[in-house]
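Position chains B and C relative to chain A; hints supplied.
Take a look at the letters that make up each chain.
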Amino acid sequence: MSTNRRGFLGVAGGCALALAGKAAVEALSGGRPSATSTSRWAMVIDLAKCLKEQGCRKCVEACHRAHNVPTLPDPRHEVKWIWKESFEGAFPSEGGEHVREELRGSPVLVFCNHCDQPPCVRVCPTQATWKRAEDGVVMMDWHRCIGCRYCIAACPYGSRSFNWVDPRPYVSPLNAEYPTRTKGVVEKCTFCEERLERSQPPACVEACPAKALVFGDLRDPNSEVRRLLRTRYTIRRKPELGTLPQIYYIVA
Amino acid sequence: MFMFEKAVVGSRRYWTWLGFLAAVIAVGALCYWRQFQYGLGITGLSRDVTWGLYIAQFTFLVGVAASAVMVVLPYYLHNAKAFGKITILGEFLAISAVTMCMLFIFVDMGQPTRVLNVIRYPTPNSIMFWDMVSLGGYLLLNAIIALVSLTAERKGTDPPAWIKPVILLSIPWAVSIHTVTAFLYSGLPGRSFWLTAILAPRFLASAFASGPALLILLCMIIRRISSFDAGREATQKLALIVTYAMIINVFFFLMEIFTAFYSGIPEHKEHFVFLFAGLHGHAPLVPWMWASILLAAVSLVLLVVPRYRHSERVLVAACLTVFFSLWIDKGLGLIVGGFVPTPLGRVVEYWPTAPEIAITAAVWAVGFLILTVFYKIALSVRESLAARYQEA
Amino acid sequence: MRDRPIIITALVVFLALVTLPFWYNLARGQTARAPELKLPGAQLQCVAPVEYMRSSHMELLNDWRDQAVRRNLRRVTAFNGKVYRISLTNTCLALCHTSKAEFCDRCHNYSGAGTPYCWDCHNEPRVAQAALLPAHGRSQP
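So the protein lines, in turn, are chains A, B and C.
Here the numbering used here is used: the first residue of the first sequence is 1, the next is one more, and so on.
Here the numbering used here is used: the first residue of the second sequence is 1, the next is one more, and so on.
Here the numbering used here is used: the first residue of the third sequence is 1, the next is one more, and so on.
Chain A with its partners taken away, still in its complex shape (with noise of 0.2 Å):
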């Protein structure tokens, strides 16, 4: 058939603009099979229960070690999902002067809160994390992560780890069962997902001596947690951001 480079032109463009058309509509629409919201996973934490076990960190090991988080030699490279942060660092609008004294400098377990409305989530440009409709769990999808560390400079918590060289030779011990990450990509804890779906506890919930950890969900009104919010006052780090975060700290 004969056709002009004009012609040409025209039914290419035409075709691009089908193909956007598709994209933009399977985009728009969401892609992802809806399913129905069943449980909204919280923790609270019982800070006066976590400083009596002054230098334990059996949480810290108990997460990494099951999810191969890497030590890094190099502080600048470190890979962390769980930690103890200073109270002043988790909750700068609390602490000054005059706060209490053992409250000063005393550490406070920080990882992802699971936001009701994460930053992270709104800015990643190809989803590979998102916030489960089922559970509110916010996920990681390290298949897809290109990474870009949006969701790094979005979040306000500092819970996400980049992995600036290959983790693999300072994963130790290695557990088989668990992948581990590559380089180029972002991580943070996923509320252990893996076991939850076995219905198991997230690993540091299961390995706090103190039981200073309580994890649950907030829409069942009978659950831990919810007893828990009704009777005891807490705080939630940065809540005038909007975030709606998920870890609740009871701090008195």
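Calculated directly from the structure, the hints in this document are not laboratory data.
Hints are supplied without guarantee of correctness; some may be wrong.
Said to hold, decoys possible - With a Cα cut of at most 30 Å, we get these calculated DSSO-like pairs of lysine-lysine:
hint: 1; chain 1: A; residue 1: K131; chain 2: A; residue 2: K211
hint: 2; chain 1: A; residue 1: K238; chain 2: A; residue 2: K52
hint: 3; chain 1: C; residue 1: K82; chain 2: C; residue 2: K100
hint: 4; chain 1: A; residue 1: K49; chain 2: A; residue 2: K211
hint: 5; chain 1: B; residue 1: K269; chain 2: A; residue 2: K84
hint: 6; chain 1: A; residue 1: K238; chain 2: B; residue 2: K269
Frame of chain A; chains B and C shown alone:
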């Protein structure tokens, strides 16, 4: 079709310059290969400062790319005839700058082989998705405009009528690319240094100062090495644009200083304190930021005073000071200042490593290579046209 | 024409270079022999028909990956009615394809498909660990 044959003939100076650029690219490419194998740990970035030199260069260059509009708009919307001869130079500068932007994003990615995931899984709620759309679209627009205009000029005809709406589209598109880039930063709740409504206006003001300043410098260089003269009226009009844009940019900066320090809110103040005075004993960027202030002040004097602005030698100095002042501001201060202090209040230092600098230099060299080749083509076309008219 | 000898020589050299992969492999004599695979022994039933596994196991892996990671649907019913728990390490490799080197790698290396980057993150099951695994993969409700 792209008249590339015009780029493969040139003087010794031309080939020496291309050879130098090729050498810089080669060194950077080797460093990038190393980074690809080893990971981004080869840079000075860290868990707390996760964006650095690469993203800062990208941010600065989006501004330079957007500034092509400062030549196109007066010519096509307001009939500023003086810009007629240099719109093509502005468009090629835009192409070169956008290419550098995309390269900087690419070298910054942890998993660059997965870059197409942004297209495979479009995410309209992510500003980075829109950044890719707007940059890609802008590149395409300018490529089409430049190609069509130059081809028409070479044939000695008017460009086809359909190019006019495309050119007009490129004007708001240019504004959009830099606004979207600002939105990357100004919507993040955890980064109070960037969480300001004035970030996008500041970006645009500094873009319209640094881009035309670079264009003036390029016109001066071209006048030296070829017979093409942009004309005094064009350079002076551009200089006026740079002047006003720089005044507005400095004004916006002072507005930020007022809000941060008069409110006294630590989260707002501390980033400026870190950049300009040092915080908790860390002051790596202090000399740079004050150099930027000094250069900006000098540039304002040289630009505002008409006697200085009218003098071409002084204008060159003014453009250089504007360019480097804004390069430090956006290319060093903006990104690192946003990450330090961290959301947990820590002060972490960042300084690029040698491989990081080599890769950065290589991307700049790619940009200059593209610019050189395209300018060579454009100037060759014009020179051969001029020769033909002289013969006739 | 004067250039005929040069052109003919250059053409011959070019053809030789462009067909290099073919006669190089022929000379090495390895193409005739297909790789010998250690077939999975423990479980005699596959999760999909053999021909499908041969032609499209990568598609199956990608589908299962998205299903497990992105949709949180970890149990899949195979064509033979059995229910498997999706896990590369703990099901695919632990139950059936127990030796990556003697099964997966042999074909991949031979065909030049190379090492898929799955192994950058996913582990091969340790023999001891495989023995410890509970009822993963066996028919489950």
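To see whether the hints hold, each was checked on the structure:
For the hint pairing K131 (chain A) with K211 (chain A), the CA-to-CA distance comes to about 27 Å; that is within 30 Å, so the pair holds. Under the criterion of a C-alpha separation no larger than 30 Å, the hint pairing K238 (chain A) with K52 (chain A) is consistent with the structure, at around 25 Å. Restraint check for K82 (chain C) and K100 (chain C): satisfied, since their Cα atoms lie roughly 23 Å apart, inside the 30 Å limit. At most 30 Å may separate the alpha-carbon atoms for a hinted pair to count; K49 (chain A) and K211 (chain A) meet this at roughly 7 Å.
The straight-line distance between the Cα atoms of K269 (chain B) and K84 (chain A) is roughly 27 Å, inside the 30 Å bound, and the hint therefore holds. With a C-alpha separation of about 18 Å, the suggested pair K238 (chain A) and K269 (chain B) falls inside the 30 Å cut-off, and the hint holds.
Hint violations for this structure: none, all hints satisfied.
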